[in-house]
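Given the coordinates of chain A, assemble chain B onto it according to the supplied hints.
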Amino acid sequence: AQKVTQAQTEISVVEKEDVTLDCVYETRDTTYYLFWYKQPPSGELVFLIRRNSFDEQNEISGRYSWNFQKSTSSFNFTITASQVVDSAVYFCALTPNTGGFKTIFGAGTRLFVKA
Amino acid sequence: KAGVTQTPRYLIKTRGQQVTLSCSPISGHRSVSWYQQTPGQGLQFLFEYFSETQRNKGNFPGRFSGRQFSNSRSEMNVSTLELGDSALYLCASSTTLGRSYNEQFFGPGTRLTVL
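Protein chains in written order, with the working numbering: chain A, 24 to 138; chain B, -17 to 97.
Looking at chain A on its own, in the form it has when it is part of the complex (with noise of 0.2 Å):
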C-alpha cells in the first residue's frame, strides 16, 4: 500500500525560528517521486520540490532545505529564520512509478508563523 504520513497537524514558531516538518512514506515500489507543496491561504498549492528514488542528496534553496532518507523512509522539510509569508499548509506527496501520475498527499501540516 502506498501511504504519506505528516504527523503534526499543526505548528505554530515566532518568526526567525526554524521548523521541520517531518513526512514518512510507505510504498513497495523501487521507483517512486516524492514531492512538497505549499497551499497558502489564497488556496493554489505551489510545487516546492521533487526527488527521485534513487537521488538521496539533500538539498537547499535559499531558506528551504530539504532531508530525504530511503533508510528510514523519510523527506522532512527544514524552513530556517521562517517569515510570516511561510505560513500555509504544507503538502508532502508521493508518486509511484506505475506510469502516470496516482499521487498520494499527506494530510497537510499547517504552519502558523507569528512575527
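A few of these clues could be false.
[As the list claims (entries may be wrong)] Computed cross-link-like contacts, DSS-like style, restricted to lysine-lysine with a CA-CA straight-line distance of at most 25 Å:
1) K125/A to K39/B
2) K26/A to K61/A
3) K61/A to K137/A
4) K26/A to K39/B
No lab work stands behind these hints, which were simulated from the structure alone.
Coordinates of chain B only, in the frame set by chain A:
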C-alpha cells in the same frame, strides 16, 4: 505562460443534480489530474488523463467521471450529487518524459457546495 485555469471557480448545486467542471492545462502539458480536497479526507486523487485516455483512477464511485479533449483540456463530471461531494476540486497539469514525473502545476480549484 498562462497557468492552469479552472472554471467555474464557485458552484452551488442541490442533491441529485449533476455538475461539470472544466480545466485548461498549461500549454504543452498533456497530463491532467483531478483531486478532491475536503477538511476530513484531505487531498484525494480522482483520476488522471493523458492524451485523451484515462491513465489512472482513484477510489471514487462511478458517479465521478472525466474526459480529456484533443487540446488537453479536461472536464470532470459528478452525477447524482450528494452532500459529501462538497469540496474543493483541484486540477493539475504536468509534462511527463518517459517514466519521469515532473512537478504538477495546480489550478485555483472549483469550490463545489452541495445543498
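**Request:** Would you list, in rising numerical order, the hints stated earlier that this structure does not obey?
**Result:** none
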